[in-house]
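Asker: Listed below, chain by chain, are the residues.
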Amino acid sequence: MREKDWVEAAARGDPSAFEQLVLLYEKRVYALALRMCGNPENAREAAQEAFLAAWQGLPGFRQEASFSTWLYRLTSNACVDLLRREGRHSAAAGPSLDDEEAPLAVPDTGHGPQEALEQRELRQQIEAGLRAMTPEHRQVLVLRELHQLRYDEIARVLDLDVGTVKSRISRGRKQLRNFLLKTGNFSPPQPSKEAEKEG
Amino acid sequence: MDTHDEFAALLDAFVDGELSPAEADRVRAHLAACPACQAYVTDALAIREAFPEAEDTVLPEGFTDAVMTAVRAHPRKNKVLPWRKVLLPLAACFALVLLVRHMPLSFGGGAKDTASVATASAADTAEMAEDIQDDSDSGVMEYKSARDTDSAPEAAPEAEGPAAQGFWDSASAEEDAAADHQELMAAQTAIGPGEAEPYFAQLRLTAEEAGDLLADLTPVEESETELRYELDAAGYSALTAALAETGIALEESAPEDDSSGTALVIVEK
Chain A
0 MREKDWVEAA ARGDPSAFEQ LVLLYEKRVY ALALRMCGNP ENAREAAQEA
50 FLAAWQGLPG FRQEASFSTW LYRLTSNACV DLLRREGRHS AAAGPSLDDE
100 EAPLAVPDTG HGPQEALEQR ELRQQIEAGL RAMTPEHRQV LVLRELHQLR
150 YDEIARVLDL DVGTVKSRIS RGRKQLRNFL LKTGNFSPPQ PSKEAEKEG
Chain B
0 MDTHDEFAAL LDAFVDGELS PAEADRVRAH LAACPACQAY VTDALAIREA
50 FPEAEDTVLP EGFTDAVMTA VRAHPRKNKV LPWRKVLLPL AACFALVLLV
100 RHMPLSFGGG AKDTASVATA SAADTAEMAE DIQDDSDSGV MEYKSARDTD
150 SAPEAAPEAE GPAAQGFWDS ASAEEDAAAD HQELMAAQTA IGPGEAEPYF
200 AQLRLTAEEA GDLLADLTPV EESETELRYE LDAAGYSALT AALAETGIAL
250 EESAPEDDSS GTALVIVEK
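Here the protein sequences line up with chains A and B, keeping their order. Numbering that gives the first Met the number 0 puts the first residue of the first sequence at 0, with every later residue one more than the last. Numbering that gives the first Met the number 0 puts the first residue of the second sequence at 0, with every later residue one more than the last.
Errors might be hidden in some of the hints.
Label pairs and their in silico Cβ distance ranges [what the hints assert, rightly or not]:
{"no.": "1", "chain 1": "B", "residue 1": "S19", "chain 2": "A", "residue 2": "E85", "range": "26 to 34 angstroms"}
{"no.": "2", "chain 1": "A", "residue 1": "E135", "chain 2": "B", "residue 2": "V57", "range": "22 to 30 angstroms"}
{"no.": "3", "chain 1": "A", "residue 1": "P14", "chain 2": "B", "residue 2": "S222", "range": "51 to 59 angstroms"}
{"no.": "4", "chain 1": "B", "residue 1": "P74", "chain 2": "A", "residue 2": "Q147", "range": "16 to 24 angstroms"}
{"no.": "5", "chain 1": "A", "residue 1": "R84", "chain 2": "B", "residue 2": "L87", "range": "13 to 21 angstroms"}
{"no.": "6", "chain 1": "A", "residue 1": "S65", "chain 2": "B", "residue 2": "L87", "range": "25 to 33 angstroms"}
{"no.": "7", "chain 1": "A", "residue 1": "D80", "chain 2": "B", "residue 2": "A28", "range": "17 to 25 angstroms"}
Not close to chain A: a few residues of chain B, all C-beta gaps over 12 angstroms, as computed [claimed, not checked]:
{"no.": "8", "residue": "D11"}
{"no.": "9", "residue": "A45"}
{"no.": "10", "residue": "E52"}
{"no.": "11", "residue": "M67"}
{"no.": "12", "residue": "R71"}
{"no.": "13", "residue": "P218"}
{"no.": "14", "residue": "R227"}
{"no.": "15", "residue": "A232"}
{"no.": "16", "residue": "G260"}
Over 12 angstroms on every C-beta distance to chain B, these chain A residues come out as not near it, computed from the model [claimed, not checked]:
{"no.": "17", "residue": "A53"}
{"no.": "18", "residue": "V79"}
{"no.": "19", "residue": "L82"}
{"no.": "20", "residue": "R119"}
Worth flagging that the hints you see were computed from the coordinates, not collected in a lab. The beta carbon of each residue, even a glycine, is placed where N, CA and C say it ideally should be.
Assemble the whole structure, with the sequences as input and the hints as a guide.
Answerer: Right under this line is the structure:
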């Protein structure tokens, strides 16, 4: 069965079909919740709430947006609601020792050992940089880089206009870049000498 | 000509593939000549390369089971019914109520009891209709056309065409409402002996058949589907004569006493 078939079956009340959707999206939903909430405990709760909201709301899902976009929106809402309930709406704005508990699985990318190590360290710094960002900028960057959503899809998930998405991505990316440059762990390639000569 | 700042503002959209092909080409041309912008794009792509991947996320233990347990423990609360499934039946019920309330059920001086009429069985009304047809002394005239579905249709040829449209076409589309109405109309036309009825004759015409023969008269009752006129014997005789001249033949039993009494003429709209 395809995703569309599972969505339709789940909308009609088939829990087995919904379970297939859970298996398909659980990592992506949890990954988004983890970066929005800032810690695994809240991320787990928010991700479960998002799936429960999806189960409840599927009969009314009109498929004007893709199922994934809709699910990410539910996840974003669940994270905001949870943080609001806990009174820590901007809790993840700054780095915290607790945040380092979030387990990260850095896969073997197939590079040599040195390169793999550097890649792993860079990824960890990116995670740290994301935690250091403001939630508004982190959300858009995660949806763009982690979930590969287009600007209009991000706008739909976060209930923003596209212009706001563009400006937040720009600022968020600059924030992250500056963070990586400051920590010294980010060593981007030097600009091409040919380009320098032409400039 | 775009300034450096204008190109700089396009870099993120360029990295994210959100520019049109023409815009992307212009940015590429600028990158070839601007080390600062090229460095930014290079950094952004490096971040993307190293960015965590969702599929690499480590799920908490038992996450899937916990989700499905919650799903099974929380049945769907408010079923979102398409509005058609709620409002249309509701509208149909409302239309039925209106139809029954406004049903023209006047028997002259008599039966306004819509409930008793409505409950008359089809068999009873059919039997009464047969009695009336066979009893030439009843003084009841029936005009039968191809539209009359309650008894054997014996249409006057001239009654076909527009007259053959059928009474039920103008009634509610609801089958139940049409069936109820059919029973009511059968009860109306089947005036049994012994029942108090003021009319020595009843005549049903289409608007086309009636033409402007009754234009000078004021109907005693008007509904969405028909007009009802009461004629004295002289007026009724004149009407039937005029109808005969237009070629509309009537099955008639001569009224017992045509110098007194009232005839009911029903004109369909």
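Asker: Tell me, which hint numbers fail for this structure?
Answerer: As far as the earlier hints go, 1, 4, 5, 7, 8, 9, 10, 11, 12, 17 and 20 are violated by this structure, in ascending order.
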